[in-house]
Every structure is written in C-alpha cells, then in structure tokens.
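**Q** Given these sequences and hints, build the entire structure.
Single-letter residue listing:
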Amino acid sequence: MTSIEPRPVENATYTQLQQFYAEHMSAIDDGEVERWLDTFTDDATIANNARPEPARGRATIAVVAHRLVAEARAQRVVHRHWTGMLQAVWLPDGSVQATSYAMVVETPAAGSPHLWRSTRCRDTLVRSGGRWRIRERYVRHDDVG
Amino acid sequence: MTSIEPRPVENATYTQLQQFYAEHMSAIDDGEVERWLDTFTDDATIANNARPEPARGRATIAVVAHRLVAEARAQRVVHRHWTGMLQAVWLPDGSVQATSYAMVVETPAAGSPHLWRSTRCRDTLVRSGGRWRIRERYVRHDDVG
Amino acid sequence: MTSIEPRPVENATYTQLQQFYAEHMSAIDDGEVERWLDTFTDDATIANNARPEPARGRATIAVVAHRLVAEARAQRVVHRHWTGMLQAVWLPDGSVQATSYAMVVETPAAGSPHLWRSTRCRDTLVRSGGRWRIRERYVRHDDVG
Chain A
1 MTSIEPRPVE NATYTQLQQF YAEHMSAIDD GEVERWLDTF TDDATIANNA RPEPARGRAT
61 IAVVAHRLVA EARAQRVVHR HWTGMLQAVW LPDGSVQATS YAMVVETPAA GSPHLWRSTR
121 CRDTLVRSGG RWRIRERYVR HDDVG
Chain B
1 MTSIEPRPVE NATYTQLQQF YAEHMSAIDD GEVERWLDTF TDDATIANNA RPEPARGRAT
61 IAVVAHRLVA EARAQRVVHR HWTGMLQAVW LPDGSVQATS YAMVVETPAA GSPHLWRSTR
121 CRDTLVRSGG RWRIRERYVR HDDVG
Chain C
1 MTSIEPRPVE NATYTQLQQF YAEHMSAIDD GEVERWLDTF TDDATIANNA RPEPARGRAT
61 IAVVAHRLVA EARAQRVVHR HWTGMLQAVW LPDGSVQATS YAMVVETPAA GSPHLWRSTR
121 CRDTLVRSGG RWRIRERYVR HDDVG
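Chains as they are written, first to last, in our numbering: chain A, 1 to 145; chain B, 1 to 145; chain C, 1 to 145.
Because the hints were derived from the structure by calculation, they are not lab data.
Incorrect hints may appear among the rest.
To be verified - Quick list of simulated restraints, FRET-style, between CB atoms:
{"#": "1", "chain 1": "B", "residue 1": "54", "chain 2": "A", "residue 2": "7", "range": "44 to 50 angstroms"}
{"#": "2", "chain 1": "B", "residue 1": "94", "chain 2": "A", "residue 2": "145", "range": "48 to 54 angstroms"}
{"#": "3", "chain 1": "A", "residue 1": "43", "chain 2": "C", "residue 2": "30", "range": "28 to 34 angstroms"}
{"#": "4", "chain 1": "C", "residue 1": "74", "chain 2": "A", "residue 2": "116", "range": "22 to 28 angstroms"}
{"#": "5", "chain 1": "C", "residue 1": "93", "chain 2": "B", "residue 2": "111", "range": "23 to 29 angstroms"}
{"#": "6", "chain 1": "B", "residue 1": "51", "chain 2": "A", "residue 2": "56", "range": "43 to 49 angstroms"}
{"#": "7", "chain 1": "B", "residue 1": "122", "chain 2": "A", "residue 2": "34", "range": "32 to 38 angstroms"}
{"#": "8", "chain 1": "C", "residue 1": "52", "chain 2": "A", "residue 2": "10", "range": "38 to 44 angstroms"}
{"#": "9", "chain 1": "A", "residue 1": "130", "chain 2": "C", "residue 2": "54", "range": "49 to 55 angstroms"}
{"#": "10", "chain 1": "A", "residue 1": "127", "chain 2": "C", "residue 2": "63", "range": "26 to 32 angstroms"}
{"#": "11", "chain 1": "B", "residue 1": "49", "chain 2": "C", "residue 2": "93", "range": "45 to 51 angstroms"}
Note that the coordinates shown come from a computational prediction; the quantities given were computed from them, not determined experimentally.
Glycine included, each C-beta is placed from N, C-alpha and C at the ideal position.
**A** Here it is in structure tokens:
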C-alpha cells in the first residue's frame, strides 16, 4: 500500500484561486445569482454537516441561492462572505481541493455588523470553459457538532 | 457600440495590491497619519454612500484622518481594518480598479473585540513615485441603504 | 550612522507565507498539536504583551498548545484563527519578519459565532528542513494597553 502526499498548488494557481473566491463570493452577496451559478459546473453538488444529502446540479443550487438572496432582501440585511486561510492541493485527476475558512458578516439596515456564520469550506475545483468552477462543495458549520 | 470586458490584473499585481492594502490599513490603525497619507495621490478623493460629496485632496483627507485617530485614542479603542475578497482590473487609462471588502474590528481596553464597520471599498489606484497610490476611493457602508 | 530600509519579500515568498499561515492556523484549530508544533523551530519562543516573558522551546510551547486545545473541547467551542493584512520583509540574517493581524472567531455548539481575540502577530521565520518555521513570535493583544 502506498500513500501519495498531496502536492500543494504552485503560487500562480494559489493567487488565481484567491481571485476566484473573491468573484464567487461577491456575486452571491450582490444578489447576482446567475453570475454566481456560473462559478459551478453543471453537475455541481453542495452538502454540509447540517444536511449531508447534497443539493445536486445547478438547477437545484439555483433554487437555494434565489431563496437566500430573497430572504436577505426581505430582512433588509447585507451579507458579506469572507474566505481566508486558503489551502489548495492538486488531486490525482487534475482537479484542485481547496480548503478555506468562510464566515458571513451580516449588517442590518441602520444597524451594527455581526458574525452570522463561521464555517470551513472544502471545494473540489476544475478548469472548465476557460475558468475555475466548483464541482463539489462541502461546508462544515462550526455550530453543528 | 462596443463593450470592452475589463481585464483582471495579472498575479504579480494582485499580490502587490494585497501588500499595498496591508501597509495602507496598518498605517491608519497604528495612528501613523503621514505614512497613511503617503498611500494617496495629492489630488485623491474619498467619498462614501453616507456622504457622497467627496473629501478632495490630501490636506482635507488629513484633517479627517487625524480626527479619527484622536477619537480612537480618546475612547481607548484599537481599530483593525481588514480587507479581503480583493478583485482588481485594469482600466483603459492604465490605472487599476480594486474592489474589496473592508471591515473594522474594534477592541476596547480590557474588553472584547467586536465588528464596528462592514463596507465594500472601491479604489482607483495608480503607480506614482515608485509605488501604488489611491487616486479615488468610494466606500459603501453596509448599514446605509 | 546608517539606516537600512527593510526589503519587502518578493511576490513568490509572500504567497508562500500566506499558505504557511493557512496550514499553521488550521493545524491548531483542528487540534493537531504535533502538526502545529512542526511549524516552529526547536528553539522557538512565543511572547505577548500580557506576559512578556516568553515560552521557550517546542516542549514548553507544546504544553500551552495542548491546554488550549483541551479547554476549547471542554467548552465545546470551535476556534478559527484568521490572519490577514500580512506584511513581510527580509532581515539582514536571511530570516523574514512577518507582521499580520490575527483574530480568533469562536463558535459554541448550537450557538452564534463571535470575535474572541483581536491581535497583531509579529513572527520571525526561517527556512529549515524544507519549509518555513517560526523562530520567534510576539503577539500584541488589542485589549491589553
């Protein structure tokens, strides 16, 4: 039995991924669901530790995204998804596994900002159509044991 | 009519801008106003969605900066400006438009830290005198509709 | 008397250090103390403005780390150390001085996240055994005058 040490991505890819997450997260925070969906592959899945059965495919993910954007608007809050502490390694199939911290800052109209969510986000990303796209996402919410 | 897609900055510039913001924000948080002013052009402007009429020129910006530093000292709080989720594109005139999230963590003496501000910051930066400098800043405070 | 301006690290080193801090901080947050200790030199020291007398050497640092991990588990909280606003310069002896903001987000089981600590972290790092390692750390807690 052999074990292969995962190979960290080179600097250029690391910086590309930082830019990817900035585009990806600002799209959903701006309520631009179509632009956000474009950062996923068609067959992408999203799961988390509160609901391990994943949402499968862009159409299903779109429903969730539109609901989240509508809820934030109805509550008159602004969400800012911050990612940081990014680690990224090549997987044997040429995709990248990127692990990062993700938190959401929520600011109500005329109110003070507070932390709404703290999570760890593990994505598998592939190059597709000239850009990085998320094929698989698993979010671990810190408040869920 | 043609529309030109903005061109993202290359990796080297992206990393330079990350370093720029680290220097820029730590200067004001350390109360070093002169060092902070040096990260703006002489004719720089700053505006925000709570007060759209911009502060024009370093001398005017200096007055605001000295007041903010004095207020934090009088209240015995430490401010930490964090920027993240940086996106940067070249503008046709050779300047860079950089959009980032910016939040301020406030910590009172012998107290717990909390989020004081959550904003989106859009800067136009130019190379001048051997370094990046901000020519125009627009801050969108998340609590202001 | 001459003064030598510190030389900022080049982009490649800057990006390496970002990856270093992501590995370093996620190791302690995951409770993997041995992996975390491996990011220090054998003779590393850690001091802070609340207790200026440094902890000296990996064995001493290990005791503190195991206690912090055990306390978080006993209290059923998740800690996420975020670093940002990184500045890094070469020192004359070939080591790097890296200054960053570091905050800790604490999330209780079934509770909301909040900021637990806000600090500035100044590390001296050296290449050793094929990787970056911290030789000296000084943490300035923002709540301590």
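**Q** Does each hint hold? Answer for all of them.
**A** Verification of the hints:
| no. | hint | result |
| --- | --- | --- |
| 1 | B:54 with A:7: 44 to 50 angstroms | holds, 48 angstroms |
| 2 | B:94 with A:145: 48 to 54 angstroms | holds, 53 angstroms |
| 3 | A:43 with C:30: 28 to 34 angstroms | holds, 30 angstroms |
| 4 | C:74 with A:116: 22 to 28 angstroms | holds, 26 angstroms |
| 5 | C:93 with B:111: 23 to 29 angstroms | violated, 39 angstroms |
| 6 | B:51 with A:56: 43 to 49 angstroms | holds, 47 angstroms |
| 7 | B:122 with A:34: 32 to 38 angstroms | violated, 22 angstroms |
| 8 | C:52 with A:10: 38 to 44 angstroms | holds, 40 angstroms |
| 9 | A:130 with C:54: 49 to 55 angstroms | holds, 51 angstroms |
| 10 | A:127 with C:63: 26 to 32 angstroms | violated, 46 angstroms |
| 11 | B:49 with C:93: 45 to 51 angstroms | holds, 48 angstroms |
Comparing the model with each numbered hint stated earlier shows that hints 5, 7 and 10 do not hold.
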